[in-house]
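Novice: Going line by line, the protein sequences match chains A and B.
Position 129 of the first sequence, counting from 1, maps to 129 under UniProt numbering, and the rest follow consecutively.
Position 165 of the second sequence, counting from 1, maps to 165 under UniProt numbering, and the rest follow consecutively.
Keep in mind that the hints were calculated from the coordinates and are not lab data.
Check before you lean on any hint, since a few could be wrong.
Given that identical chains are not distinguished, each listed pair holds provided it fits within a single copy or across any two copies.
[As the list claims (entries may be wrong)] Straight line, CA to CA, 16 Å or less: simulated EDC-like cross-link-like pairs of lysine to aspartate or glutamate:
id, residue 1, residue 2
1, K88, E107
2, K101, E276
3, K135, E107
4, K135, D104
5, K138, D104
6, K22, D240
7, K138, E107
8, K241, E282
9, K230, D104
10, K250, E283
11, K120, E107
Protein chains: 2
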Amino acid sequence: MGSQWEQFYLIHSTPPDFEEKKKEIQDFCQHIDPERNIVLVTSGGTTVPLEHNTVRFVDNFSAGTRGSASAEYFLEKGYVVIFIHRLKSLEPFVRHFMGQKFLDILEVQKKEDVTSIMVKNECVNSVLPILTRYKLTKEAGDLLCISFTSLTEYLWLLRAACECLTPFGSRAVLYLAAAVSDFYIPSNEMPIHKMQSEAGPPTIYLKLVPKMLEPLVNIWVPNAYVVSFKLETDDELLIDKAHAALNKYKHKMVIGNVLQTRKQRVVLVMPNTTNEIQLSSEEMEAGLEIESKIVADIAERHNLFMKGASYNS
Amino acid sequence: MGSQWEQFYLIHSTPPDFEEKKKEIQDFCQHIDPERNIVLVTSGGTTVPLEHNTVRFVDNFSAGTRGSASAEYFLEKGYVVIFIHRLKSLEPFVRHFMGQKFLDILEVQKKEDVTSIMVKNECVNSVLPILTRYKLTKEAGDLLCISFTSLTEYLWLLRAACECLTPFGSRAVLYLAAAVSDFYIPSNEMPIHKMQSEAGPPTIYLKLVPKMLEPLVNIWVPNAYVVSFKLETDDELLIDKAHAALNKYKHKMVIGNVLQTRKQRVVLVMPNTTNEIQLSSEEMEAGLEIESKIVADIAERHNLFMKGASYNS
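Extracted from the complex, chain A is given alone in its bound form (with noise of 0.2 Å):
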């Protein structure tokens, strides 16, 4: 039989182009001095067809804020980052520049029958450090993004970058702030072609999707410092829940945020202790990201963590 996450994996067989995804994977992490600190970031949220020649599905909250402004952060504190994100959904560096803003910032120029586009003298210094950064890390070949949709890809994709990264044991952090879905349709209960209305509104019946954690904490990264996160609109049950998830899944940190404040408040919540992190008024209009805090927290507990992994090794 298995137990449900293998059984998971046996029913929904791997997405078309994750072959392709694992091997790019695979070559990123194979040139990667084993000595530097790596991070996999998960961020957006994973799609549930309804249907198999999906035209609708369910989908979780999430533009991927947390998740791309986190990698910019781990980037900066020296880690390599492997960011597996929505398709879409927002990226390191380029999250800076979205919708229209893009055009608007570029101008036309026209000098002794040369035509050239510039960024506008005015946009210079906000467009310089983040495209500095940007290049810099790309030259470093420091940052690797795949894409997902759907909650299938994204679990393989997440099996697939666990493996990878085994053999940096104590240096490998999980960041996994994707907002995974906890309910899916099986393969073989959904419909092949698009629900017709006149059908009448159709029912949806769902599954709960096996928790993947387990076997991530336990089998495919056992040495390495994991970070789950836990989103509620309900600021009571928030605590609570990510004390159990710890209990449950042992792992080393979950991050509990509540969907109305995330971006001014989260608490790290790890076994012994809790740490809540906030932004102050005066830090959010100065334009402070919470995650440059989280990040530099996390990154110290890795560093201690690491320590403490190698004294016992």
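Model the placement of chain B on the given structure of chain A, informed by the hints.
Specialist: The following block gives chain B in isolation, referenced to the frame of chain A:
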């Protein structure tokens, strides 16, 4: 009691920022020469929240490719365009620079202590025509972009935009390319907080969304040239369903397309004729977009329709 569509607006009150967006549309339309042709393009999918504090929602597959490309071609044909689109779906012009592409085309130049950021020489030829058309459109004030996320927001904006288009009579085209949900959960049957997985997997009971084409064609914009879309995954259903919609709502055209082939082939279904539009493989390779052909065809038919309309009035 009122009809089903009236009921929907009664039960689902206006979304938070609706009045601001409505005013933007009104102000925009008041400054348009009443002799201009104008099109309302809707684009992208609507969400149907599963919780009031929305973490999960049912979504419709749509990146906004059809709508955003068509908006550009309507502008080329001299139309004023109101573009009502799903937040973060593709938008006219900027759609050509998604993902990391934007940062990759920029380079830093230092000359005598002056730092400037340029579009790389080899990219100028591809960026210039798009940037030029974007800037001309903006200067002329011919394009208004307004975003929605949920089904309710979409339906309120659709009605508000139609009211602003009434004075344009037969000069108005409605090009309803948005992928609007057929199903929803009524506000009063939705839980307040995030559904808890401990309670076991939920079952989602959906209701049918009233078809707004009915009041739109009969009451809101009775003189306009209305084009709706039908997306199926099953080719055999397509033409019959398109004709059924035309018979029911008495509008001008249904554009039928099949999910898997929608970028190469569509069928324009009208009461007395159909016109199949296809891209040859040469045209695909040359980067031609099927929306240029669709919009050219509609602009021509709309022109004839306006002549007929003015003969009759």
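Novice: All hints are to be evaluated individually against the structure, with a verdict given for each.
Specialist: Cross-check of the supplied hints:
no., hint, in the structure
1, K88 / E107, "neither (26 Å within a copy, 24 Å between copies)"
2, K101 / E276, "neither (34 Å within a copy, 37 Å between copies)"
3, K135 / E107, "between (22 Å within a copy, 9 Å between copies)"
4, K135 / D104, "between (22 Å within a copy, 8 Å between copies)"
5, K138 / D104, "between (25 Å within a copy, 10 Å between copies)"
6, K22 / D240, "neither (36 Å within a copy, 43 Å between copies)"
7, K138 / E107, "between (26 Å within a copy, 13 Å between copies)"
8, K241 / E282, "neither (31 Å within a copy, 57 Å between copies)"
9, K230 / D104, "neither (37 Å within a copy, 35 Å between copies)"
10, K250 / E283, "neither (34 Å within a copy, 57 Å between copies)"
11, K120 / E107, "both (6 Å within a copy, 13 Å between copies)"
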